[in-house]
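Undergrad: full-length UniProt numbering applies: residue 1 is where the sequence shown begins, and numbers increase by one.
Simulated from the structure, these hints should not be mistaken for laboratory data. You may find that some hints are simply not true.
[To be verified] So the derived label-pair ranges between C-beta atoms look like this:
(1) F55 to L25: 28 to 34 Å
(2) I56 to L29: 18 to 24 Å
(3) Y58 to E22: 30 to 36 Å
(4) Q26 to V50: 25 to 31 Å
(5) L25 to Y58: 24 to 30 Å
(6) R4 to D27: 17 to 23 Å
(7) E28 to T6: 29 to 35 Å
(8) T6 to L29: 18 to 24 Å
(9) I9 to L29: 27 to 33 Å
(10) A5 to L25: 28 to 34 Å
(11) D27 to D3: 18 to 24 Å
We treat Cβ as the ideally placed atom computed from N, Cα and C, and that holds for glycine.
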Amino acid sequence: MTDRATIVINGLLRKLDRMESEKRLQDELNGRRKLNGCAVACWSCLVAIVFMFGFIVYK
1 MTDRATIVIN GLLRKLDRME SEKRLQDELN GRRKLNGCAV ACWSCLVAIV FMFGFIVYK
């Protein structure tokens with residue numbers, strides 16, 4: 001169960017990172033201001049913490 005949870009969490013974090021990269025690239029191409037990196041990191045961290053807490057409680 002723990003290995004599966006780790007794989008799921010890592011997959012979600014990779015997906016978030018890819019979405020962030022695509023968004024930043026799109027913003028640069030459109031000439032808009034860059035996305036606030038701190039806010040994105042905050043959301044990514046929050047999502048990871050929620051999932052880890054959920055798996056710990058579920059286990």
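Undergrad: All hints, please: hold or fail.
TA: Comparing the hints with the structure gives:
no., hint, in the structure
1, F55 to L25: 28 to 34 Å, "holds, 32 Å"
2, I56 to L29: 18 to 24 Å, "violated, 41 Å"
3, Y58 to E22: 30 to 36 Å, "holds, 31 Å"
4, Q26 to V50: 25 to 31 Å, "holds, 27 Å"
5, L25 to Y58: 24 to 30 Å, "violated, 36 Å"
6, R4 to D27: 17 to 23 Å, "violated, 35 Å"
7, E28 to T6: 29 to 35 Å, "holds, 33 Å"
8, T6 to L29: 18 to 24 Å, "violated, 35 Å"
9, I9 to L29: 27 to 33 Å, "holds, 31 Å"
10, A5 to L25: 28 to 34 Å, "holds, 31 Å"
11, D27 to D3: 18 to 24 Å, "violated, 36 Å"
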